[in-house]
Amino acid sequence: MASDYIVVCVMFFIALGFVGVALFVAKLVRPRRPTNVKLTTYECGEKPWGGAWVQYNVRFYLVALAFVVFDVEAAFLFPWAVVFKKLGLFGFIEMAVFIFVILFGLVYVWRKGALKWV
Amino acid sequence: MIAGWINSCYESIRNWWVACGIPLVWLDIIRAILLGIVLAIIVVVAVLILTYVERKVAGHFQSRMGPMRVGWHGLLQPIADAIKLIQKEDIVPEKADYWVFTLAPFVVFVPVMMVLVVIPFGDHLIVQDLNIGILYIFAVSGIGVVAILMGGWASNNKWSLLGAMRSVSQMVSYELPLILSVLGVVILAGTMSMGGIVEAQRKMWFIVYQPLGFIIYLFAATAEVNRVPFDLPEAEQEIVAGYNTEYSGMKFAMFYLAEYANMFIVSMIGATLFLGGWQGPLLPSPVWFLIKTGAMVFILLWFRWTFPRFRVDQLMDFGWKVLLPFAFINLLVTALVVII
Amino acid sequence: MAEDRDRILKTMITEDELSAIEARPELKKDYRTEEFWMNVGPQHPSTHGVLRLVLKMDGEVIVDCVPQIGYLHRGLDKMAELKTYNQYLPYLDRADYVSAMLTEHCYVMAVEKLAGIEVPERAEYIRVIVSELNRIASHLVWLGVLSLDLGAITPFLYCFREREIIMDLFEMLCGQRLTYNYLRFGGVAFDIDEAVNPNAPHKFLGITVNPGGERGVDFTTLAYRFAEVFPDRVDDYEAILTHNEIFLERMAGIGYLPLDVALSYGVTGPNIRGSGFAYDIRKVDKYSIYEKVYNGTGIEPPTGEKGDCWDRYKVRIQEMRDSCKMIKWCLDNIPDGPIRSKVPRVLKVAEGETYMRIEAPRGEFGIYLVSDGTNKPYRLKLRGPSFSNLSVLPYMIRGYKVADLIAIFGSLDVILPDCDR
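Sequence order for the protein chains is U, Z and C.
Take the position in the first sequence, starting the count at 1, then add 2; the result is the number in the working numbering.
Take the position in the second sequence, starting the count at 1, then add 97; the result is the number in the working numbering.
Take the position in the third sequence, starting the count at 1, then add 2; the result is the number in the working numbering.
Some hints could be false.
[Unchecked claim] Computed list of lysine to aspartate or glutamate pairs in EDC-like fashion (alpha-carbon distance at most 20 angstroms, straight line):
| id | chain 1 | residue 1 | chain 2 | residue 2 |
| --- | --- | --- | --- | --- |
| 1 | C | K350 | C | E83 |
| 2 | Z | K418 | C | E120 |
| 3 | U | K88 | Z | E296 |
| 4 | C | K308 | C | E251 |
| 5 | Z | K192 | U | E48 |
| 6 | U | K29 | Z | E191 |
| 7 | U | K29 | Z | D178 |
| 8 | C | K294 | C | D170 |
| 9 | U | K49 | Z | E296 |
| 10 | U | K87 | Z | E296 |
| 11 | Z | K418 | U | E75 |
| 12 | U | K40 | Z | E191 |
| 13 | U | K29 | Z | E186 |
| 14 | U | K118 | Z | D414 |
| 15 | C | K205 | C | D170 |
Calculated from the structure, these hints are not laboratory results.
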């Protein structure tokens, strides 16, 4: 079982190596002539007005919180789906209750207006 | 046939290896390295072909010719582009966070290669048929968004910042319908392994039982690969180039490569889950897989050259108020039908 | 609309929560989100040239906007004082280069009015034909660029395909595709009957001109054929845009421009007609032969109801169809005769002043001309429609998102050389 994941692990390093080699080859070929203007960040041809690292108002904070809840729920659904045929009616009712609770949560969030952008 | 020949070769090497008394793990690692290099080459070639096809298709959609100058009907255009990108100067802005900025191209490319592990390209042509295939795909491919966030934030550029934040909001919108749309397939197949799902479609493709699931998957997958109408993180008319505004040269090429490779990957996953994978009469199995993948890719291209772009809050509405309820309904109905 | 914007303008923190945070200063830093300033333009893909908008942003939402112009200032007003009346005409083509025929039309009418020059009937017809053709070309640029800004690239190329035919027509007529220098005091430079392209294929960019299959095409045939075929092409654009749910979502219900605001800012053209006021200078002033054209074709200026981006879009689409009807009517009814009255080579205009205005594709284009009796204008002032239309932008986009800025700005159809002059 664990040996299955050897290939995943190797693939991870190959991907890193691929990018590394590509960047390295490019480094051998490409010119390097930095100037002050080149090294400024792009702001449509104007001098940047302050940096971009601000406390950004993301505006979908509540949606992101809801997302975490629902995503975990989706992870719970996967094992159920695999053995669903063996579980039969019992499994269906159990999960239907679970999904309806979650769906109720969705409706609640929706009605509360948390899915809206503010 | 070829696959059978490769497998018999592998078997004989394996026997010899065991006879030599070296642990089998090393053989697995060498095999994985070779396969990885082959896959990397396939990714690059596929992306080169895809960029050419996209421009050609776009050209004919728009009553023009597309690339015509470099080679016969512009066939060498992608190679010329690749050479150009290698030669380009790599500019890292002074105010950028150098290490995060440089790391982002690595992070964006890693999931591409890792997802390819579980894709069945043909009969027995699968690198490693993990038993949690689909879950693994979603787990790994989600990392791509992190790379976009890294690149966008590290650039210290307001456009990149907007693009990165849009990318996050987009991920929050499409990820759930994407996962739920696939659950119907898992119920029908009774397994998460990609090979098993293809086997389960021997009688009939799952798109017949899961039309709604397929449509939801299609929309969500389009959003995942940042294609029009969901290309908000890099909407060039609004936020210049989004998260990759500051990227140039090979680092930009990595983002580009990953984006097009992802387009291929979601098409391959869609073909595997809903269109019967590599199965088909007469033609060899990889050819069938390529045809089905090509059809999915064409749909994505068709979207891009037809639709305007969503607004960021409209995408969120669409994901949460249209796709998600439908995905739940699809799941419940599928379960109900299977139980009866 | 207004309530909606207020809702957007409010941040997520309610008054109660705000006071709770105020009570505990140590929380203040964590709850704070910063507003930041951002430059959009002059180097931005969708500011249609070199407009610079300084935006105050709160996340994705625009809090305030200050348009900055002047990157394209050439001093066209001042140039007029140094050139003779004849010499100035080509300069004026650069004022609004997307619809140069109309700016020329305004200028020659102003000079003619002051100098008391009669214009032959046939020349007036030709002027209206080229004006309306140029109006279609200008609206095509607007439609193509608007759809491009919203992310639909294909309609852009379709629009430019049709615009190409108009450019070719003008090339046949006066040899120029963008800056025409075609109108003259007391008439036009060349007759449309002389405008022939002997090498043109019988199929002209998808329009079959000579069914017999012989090559070569003359202006009248192609223009008439274009006016016949073009409404079908507009149907095509509508099929890909008007009937597209995403496009509707992006355009409808944003960028409201109430009529009183529009009036106070001096907004003209399709923008004010989109707000529900049927103010069309062609109809109001009845200059040139427009009275006959309107009576002959029975066209009424299209108006919108709510004044959102969608209404402005619909108005312009309808105007393109109307212009086709006008071109067809003019080509049907054009009289024979001279195309230019006798005007001295060195034109000396009598002392006096006048204001002449026309309906340019973007609104009221006016010229205020003061003459001191010499062969050069004493003072010439251009009134470009884009300047007024642009100045209303900050009012319209407060509280909307960056993506809406692009849609609203695109729907206003501002062109920068016309702003800066």
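For the pair we were handed, K192 of chain Z and E48 of chain U, check the Cα-Cα distance against 20 angstroms. 16 angstroms, holds
Does E186 of chain Z sit within 20 angstroms of K29 of chain U, going by the straight-line distance between their CA atoms? 9 angstroms, holds
Would the pair K205 of chain C and D170 of chain C pass a check requiring their Cα atoms to be no farther apart than 20 angstroms? Holds, because 13 angstroms separates the two Cα atoms, which is no more than 20 angstroms.
For the pair supplied as a hint, K49 of chain U and E296 of chain Z, is the alpha-carbon distance within the 20 angstroms limit? 59 angstroms, violated
Between K40 of chain U and E191 of chain Z, is the straight-line Cα distance small enough, at 20 angstroms or below? Since the Cα atoms of K40 of chain U and E191 of chain Z sit roughly 9 angstroms apart, the hinted pair holds (cutoff 20 angstroms).
Within 20 angstroms, alpha carbon to alpha carbon, are K418 of chain Z and E75 of chain U? Answer holds: K418 of chain Z to E75 of chain U is near 18 angstroms, not above 20 angstroms.
Below or equal to 20 angstroms on CA atoms is what counts here, so check K308 of chain C against E251 of chain C. Holds - the C-alpha atoms of E251 of chain C and K308 of chain C are around 15 angstroms apart, at most 20 angstroms.
Within a Cα-Cα threshold of 20 angstroms, do K294 of chain C and D170 of chain C meet the stated pairing? Violated. K294 of chain C to D170 of chain C sits at ~28 angstroms, over the 20 angstroms cutoff.
Hinted pair, alpha-carbon criterion (20 angstroms max): K88 of chain U, E296 of chain Z. Please report holds or violated. 19 angstroms, holds
20 angstroms limit on alpha-carbon distance, applied to hinted pair K29 of chain U and D178 of chain Z: OK: K29 of chain U and D178 of chain Z at ~17 angstroms, within 20 angstroms.
Is the Cα-Cα distance between K87 of chain U and E296 of chain Z 20 angstroms or less? 17 angstroms, holds
Take the C-alpha atoms of K29 of chain U and E191 of chain Z, compute the straight-line distance between them, and say whether it is at most 20 angstroms. 19 angstroms, holds
Violation of the numbered hints given earlier is confined to hints 2, 8, 9; the remaining hints are satisfied by the structure.
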